[in-house]
Amino acid sequence: MRKIAAVALLALSQTACLSLDFLFLDTPQTDAYEISSEIVPEDLIEPVTFEAKDGTVLYGYWAHQPVPSPPLIFFHGNGGHIGDNWDRVEFMWEWHTHDIFIFDYREFGMSEGTATFQGVMEQDGMAAVEHVMSWAIAEPEEIAWVALSLGGAVAIHTSDEIGAQALVMESTFASADQLLDEGTGLDVPTGWFFKGPYDNEDAIAKITTPILIIHGLDDDFINPESGPLLFDAAPKPKELWQPKGVGHSDLFEVKPDEFEDRASSFLASHE
Amino acid sequence: MFRLALILLPLLGACSVSRAVAPLPKGSGQIITSVGGPITKNLSPAIPLPMTSVGYMHGLNGKTNVYGEFYPTGLAAFGVGGVGGGVATEVFGPDGAKPRLMVEGGLYAYAGNNDEGPPPFAARVFPHAQTTFSWDLKRQVLYAGLDQLIQPFPSFRWHFTPLIGGVARVGRVGFQLEYKWMAWYLDNLPIAAEWAGPFHHGASSVQIGISVALGPHLPSAKGRGEEK
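Taken in order, these protein sequences are the chains called Z and H.
Numbered according to the numbering used here, the first sequence spans residues 58 to 328.
Numbered according to the numbering used here, the second sequence spans residues 90 to 317.
Looking at chain Z on its own, in the form it has when it is part of the complex (with noise of 0.2 Å):
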């Protein structure tokens, strides 16, 4: 991301009208995705494709129980793709307490299309979650949702249309408008850089999923006060947690048990 970003500004004289929004849509791409099945075996998992709205073929991974169970949907966060998120459904696969569907957003990993604020966060997740409702027979509210980074803010932007159990949501931004801010340390409009609004706190606003926001304390990416903001911009219920020594995206392998105990209770409490 950090070439891209660079190679990017190098290329500004040359170019018009670029956006940043290439910082929250990093799409990597992959011919054929590298599942291991040394945790979850290779009959349990089944690779599928399905349209989002306007037609663009998304491509997801289930990771069944080996008996019937609920469904899980995991939005993972943005530089990677199924195959890179595999780790985390394996983790989440061995609380043995949901089927775990991934899915890649558009021109991610196999996905086709291109990435778009409004084809991402307006489009994809609702696709996901139409097909897990009908491959489970599932209603909304009989479906978990994990969250992590800018995966929080698919699911938040999903959640505007569509309730859900619960979400567990990690690591997520605030807003574009608070990274311009403490970048730049200047007041300066969203719109200047980016062509979506990306304006997370906002959209929380309007959810009616119970939410468990997570947010490491020692998160070097991601301010770790984008938890509290998107707290209080919250509707009830809702939970905080902010755990020490939990950076952007390792508190499954920091607090792999803290972790599995918190999400699954509160999961377990919202059914």
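Keep in mind that the hints were calculated from the coordinates and are not lab data.
Predicted, not measured: the structure shown is a model, and the values here were computed from it.
Backbone N, C-alpha and C fix where the C-beta goes; we use that ideal spot for every residue, glycine too.
Each hint should be verified, as a subset may be incorrect.
Claimed, not checked - The calculated label-pair distances, taken between Cβ atoms and stated as ranges, are:
no.	chain 1	residue 1	chain 2	residue 2	range
1	Z	Leu297	H	Phe181	41 to 51 Å
2	H	Ala218	Z	Leu297	40 to 50 Å
3	Z	Thr265	H	Val172	45 to 55 Å
4	Z	Glu95	H	Phe242	49 to 59 Å
5	H	Asp276	Z	Ser321	27 to 37 Å
Stated by the list, open to error - Residues from chain H that face chain Z, not an exhaustive set, calculated with beta carbons under 7 Å:
no.	residue
6	Pro241
7	Ser244
8	His248
Stated by the list, open to error - If you want a taste of the chain Z side facing chain H, the calculated C-beta under 7 Å gives, among others:
no.	residue
9	Gly242
10	Leu243
11	Gly248
12	Trp249
13	Phe250
Got chain Z sorted already, so can you dock chain H onto it with the hints?
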């Protein structure tokens, strides 16, 4: 996340070399350009980003310069147009080891919008002030100063940047080299770009300026001008 938008700082307040170095001869003018910015370590070798400015500076009375300039980079990159202008005046001249003191006041104004939705237009103004001490060495000038950038609205902000530089003149052409330590009080852990900054703070910025003197007088080290 201080780091994400350090890349934006050069698009705003620190996009040209200093204009408050020495007074121009009365009635003379200079076309002024500069290129450069914070040094990124993302590329090998580490190089300054090519932020550009183009403008004109005019000597009013042998002590005071006025200038106006335009910043193409923000417009080309983000559709955010930027212009700047200001006045720089000599408070006292050099005398032996005693340096010249110049003070400058000016304004940057930026407007534009990248968002596909409303509002279609957004503008900000940034007053700035610079204090510069300079020493004359024949036809060269060395200087050190402090630039202060203010955002008066929608919320008040105040930033300051120490800088050093030099100007060498060859005939009508002046070559200027300047180093700034931008945002030195901010941690510069890498996010979008990795900046070179002392003690992992802020961003070291290197800029090169080229000026071309117009009119009958050439700038001299003592600032009074000399007949061509």
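Hints, verified against the model:
| no. | hint | verdict |
| --- | --- | --- |
| 1 | Z/Leu297 - H/Phe181: 41 to 51 Å | 58 Å, violated |
| 2 | H/Ala218 - Z/Leu297: 40 to 50 Å | 43 Å, holds |
| 3 | Z/Thr265 - H/Val172: 45 to 55 Å | 47 Å, holds |
| 4 | Z/Glu95 - H/Phe242: 49 to 59 Å | 57 Å, holds |
| 5 | H/Asp276 - Z/Ser321: 27 to 37 Å | 36 Å, holds |
| 6 | Pro241 | 10 Å, violated |
| 7 | Ser244 | 5 Å, holds |
| 8 | His248 | 6 Å, holds |
| 9 | Gly242 | 6 Å, holds |
| 10 | Leu243 | 5 Å, holds |
| 11 | Gly248 | 3 Å, holds |
| 12 | Trp249 | 5 Å, holds |
| 13 | Phe250 | 6 Å, holds |
In this structure, the earlier hints numbered 1, 6 are contradicted, and the remaining ones agree with it.
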